[in-house]
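Starting from the given sequences, assemble the full structure and let the hints guide the process.
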Amino acid sequence: MTPAMILLITFTHYPAIQTIINSFFSTARGRRKSVFIGWDNYQTLLQDDVFWKVLINNFWYAVWTIPLSIVLSLAMALWVNDKLKGRGFLRMAYFTPTVLPLIAVANIWLFFYTPGFGLIDQIRGLFGLAEQNWMGSPDTALYAMIAVAIWKEAGFFMIFYLAALQTISPTLREAASIEGASKFYYFHRVLFPLLMPTTLFVSINAVINSFRLVDHIFVMTEGGPNNASSLLLFYIYKVAFDYWDTAYAATLTVVMIALLIFLAIGQFFFFDRRVHYK
Amino acid sequence: MTSLSGKSVALRDIQKSWGKTTALDGVTLDIEAGKFTALLGPSGCGKSTALRLISGLEAPTSGGIKIGGEEVTGTAPAARDIAMVFQSYALFPHLSVAENIIFGLRVRGINRSERDVKLTAAADLLGLRALLDRKPSQLSGGQQQRVALGRAIVAEKSIFLMDEPLSNLDAKLRGEMREEIRSLQQRLGVTMIYVTHDQVEAVTMADCVVLMNHGRVEQVAPPRQIYDAPQTLFAAKFIGTPPMMTFATNMLGIEIENVTLGLRPECVKITQVGPIRGEVTHVEYLGADAMIECRVQDTILMCRVPGKTDLTSGSAVSLNFAPEDLHAFDSTTGRRLKHLPFEIEAASALQATGFTQADQS
Numbered sequence: 001m002t003p004a005m006i007l008l009i010t011f012t013h014y015p016a017i018q019t020i021i022n023s024f025f026s027t028a029r030g031r032r033k034s035v036f037i038g039w040d041n042y043q044t045l046l047q048d049d050v051f052w053k054v055l056i057n058n059f060w061y062a063v064w065t066i067p068l069s070i071v072l073s074l075a076m077a078l079w080v081n082d083k084l085k086g087r088g089f090l091r092m093a094y095f096t097p098t099v100l101p102l103i104a105v106a107n108i109w110l111f112f113y114t115p116g117f118g119l120i121d122q123i124r125g126l127f128g129l130a131e132q133n134w135m136g137s138p139d140t141a142l143y144a145m146i147a148v149a150i151w152k153e154a155g156f157f158m159i160f161y162l163a164a165l166q167t168i169s170p171t172l173r174e175a176a177s178i179e180g181a182s183k184f185y186y187f188h189r190v191l192f193p194l195l196m197p198t199t200l201f202v203s204i205n206a207v208i209n210s211f212r213l214v215d216h217i218f219v220m221t222e223g224g225p226n227n228a229s230s231l232l233l234f235y236i237y238k239v240a241f242d243y244w245d246t247a248y249a250a251t252l253t254v255v256m257i258a259l260l261i262f263l264a265i266g267q268f269f270f271f272d273r274r275v276h277y278k
Numbered sequence: 001m002t003s004l005s006g007k008s009v010a011l012r013d014i015q016k017s018w019g020k021t022t023a024l025d026g027v028t029l030d031i032e033a034g035k036f037t038a039l040l041g042p043s044g045c046g047k048s049t050a051l052r053l054i055s056g057l058e059a060p061t062s063g064g065i066k067i068g069g070e071e072v073t074g075t076a077p078a079a080r081d082i083a084m085v086f087q088s089y090a091l092f093p094h095l096s097v098a099e100n101i102i103f104g105l106r107v108r109g110i111n112r113s114e115r116d117v118k119l120t121a122a123a124d125l126l127g128l129r130a131l132l133d134r135k136p137s138q139l140s141g142g143q144q145q146r147v148a149l150g151r152a153i154v155a156e157k158s159i160f161l162m163d164e165p166l167s168n169l170d171a172k173l174r175g176e177m178r179e180e181i182r183s184l185q186q187r188l189g190v191t192m193i194y195v196t197h198d199q200v201e202a203v204t205m206a207d208c209v210v211l212m213n214h215g216r217v218e219q220v221a222p223p224r225q226i227y228d229a230p231q232t233l234f235a236a237k238f239i240g241t242p243p244m245m246t247f248a249t250n251m252l253g254i255e256i257e258n259v260t261l262g263l264r265p266e267c268v269k270i271t272q273v274g275p276i277r278g279e280v281t282h283v284e285y286l287g288a289d290a291m292i293e294c295r296v297q298d299t300i301l302m303c304r305v306p307g308k309t310d311l312t313s314g315s316a317v318s319l320n321f322a323p324e325d326l327h328a329f330d331s332t333t334g335r336r337l338k339h340l341p342f343e344i345e346a347a348s349a350l351q352a353t354g355f356t357q358a359d360q361s
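Line by line, the protein sequences give chains A and B. Quick note: the first sequence uses our numbering, first residue 1, plus one each step. Quick note: the second sequence uses our numbering, first residue 1, plus one each step.
For the record, the hints were derived by calculation from the structure and aren't laboratory data. Think of the CB as a built atom: it goes at the ideal place given N, C-alpha and C, for glycine as much as any other residue. Where hints are given, some of them may not hold.
Unchecked claim - Computed beta-carbon distance windows for the label pairs:
1. B:Gly19 x A:Phe111: 40 to 50 Å
2. B:Gln87 x A:Gln267: 37 to 47 Å
3. A:Trp79 x B:Arg108: 22 to 32 Å
4. A:Thr167 x B:Gln87: 17 to 27 Å
5. B:Arg108 x A:Met196: 17 to 27 Å
6. A:Ala163 x B:Trp18: 24 to 34 Å
7. A:Gly86 x B:Ala79: 24 to 34 Å
8. A:Gln47 x B:Arg112: 57 to 67 Å
This is the structure we're talking about:
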């Protein structure tokens, strides 16, 4: 046990506790030493407009990416689980975004979004629609980031659904069809309940990713315009490494972790009665 | 439980192939209404495919299927008036026993009170009353089997299709379930089409056995008849444990081209003086009786003798049999010959002096 504990304490427990402690101290600057300031950082946080802005952004980011990526991944898994021509190719195509680093994905999407000669505007041009600056407009910047995240995540979740689907015996489908169950009825009454453990796993991952997947924001918008596409983790990075306010960054981190813990526990309780484990 | 009347099933010149493999090769078959019919054959003979075609889970490459006189070749499984029990039972693992049984009733939107009546009746019939709230994983194999039967019963269909339903059970349970399924079929009056590779199941349960091989029907007959008068060499060698022994005519000292003779082990008698002389090569005690393996010239003959025997390996014996127990087949086509070749008839008329053995003539 000891070697494992040493590693765990050094790299996990100690930094976590240190972060919490730091959030109650001021940031050391030049000759001014770090001093205990109690809940001051938390007070600042409550009055920080940017914090509230990124929190709300993050809320919408989660609200769109979590369900959409799950629904999309399930739909893709159901499709490529069927016996169809080129199934192997389709599976690979769907999984490719997962293999690509998010920075590379961001570059691909930069090309899609570029006003004027980007893919989307070129297609819009065919229908005589005006140019649109997706990443530059405060109304669309966040949604442009959401689309990238869904594109990146759905293929990954699809693999889990696909694996789960393959463990479900096809005779269940046959038994249901002999009883006259439609495709939808079978999905709703049999397939989806049997996929619940996977849905739980995938949704917890999706929640974590909705806080974690911010790499593309560095490449594409840098949180702009006017923090319209900034997310909590991105803001923490800026506070910590652009403004060098490490104590405040620690405070933000504590809030984020508390939020994640709360969400994860909530999910377990929410799903527990609905999940059938084999 | 309302009594149901079965429906007949007719297959007309059914062909089923996947790419180059042919599973069924021109199968024409009439299955009588209200009877228990077993589709029997070795694995890969096409019996399960035939069942799946009847169920509508698979479509034939060519040919037609009628159920109760109505053409159903293109219709969906649910519209064919059939219920099916799968080899793996196909129970929904997340649903309770009760929900599994009434799954189809819910699909068809039958109201709660009616569902409850049918569920209770089926549960009582199958002794599942105490298990209704359990999940399939909490049941034994035999109980799971009953749940699958329950699902078929509440559907109140005219035809029950069963795909090797007992093959996942242990031997003792299999015996019990055999009787249970048989009596269920008789009580409900449904047409039962039962796929099995186990001849004991087919012979003990069925009114009619359909013996299949290589995607073709070998023989359709009641169990007794298929045992007493197998129409092909395959049928002769498939039914019976151990199977019928087959040999060329020269063992009887007669040379007839293209004829293979067959004889069941229980029809061979070991006597003091007999027409065929051989040597015991192996004795297998089976409790009530014993199997004696004898070598006659270069052929091995099995002989079932009742009770204890003093014979040991190496003893010289004489073998005898009644000529009416002989079966004769065409060696090339494998078809049964309507009559024993007259040479054999003539020779057996000389039974008093016995068949002369080739090496003595």
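Return holds or violated for the Cβ distance of Trp79 of chain A and Arg108 of chain B against the range 22 to 32 Å.
holds, 29 Å
Gly86 of chain A versus Ala79 of chain B beta-carbon gap, inside 24 to 34 Å or not
holds, 33 Å
Note whether the CB distance of Arg108 of chain B and Met196 of chain A lies within 17 to 27 Å or breaks it.
Distance hint for Arg108 of chain B, Met196 of chain A holds at roughly 26 Å.
Do the Cβ positions of Gln87 of chain B and Gln267 of chain A conform to the proposed distance bound of 37 to 47 Å?
holds, 38 Å
At the C-beta level, are Ala163 of chain A and Trp18 of chain B separated by a distance inside 24 to 34 Å?
holds, 27 Å
Note whether the CB distance of Gly19 of chain B and Phe111 of chain A lies within 40 to 50 Å or breaks it.
holds, 44 Å
Using the C-beta atoms of Thr167 of chain A and Gln87 of chain B, is the stated range 17 to 27 Å upheld?
Hint holds: Cβ distance 18 Å, inside 17 to 27 Å.
Look at the Cβ atoms of Gln47 of chain A and Arg112 of chain B and judge whether their distance stays inside 57 to 67 Å.
holds, 58 Å
Comparing the model with each numbered hint stated earlier shows that all of them hold.
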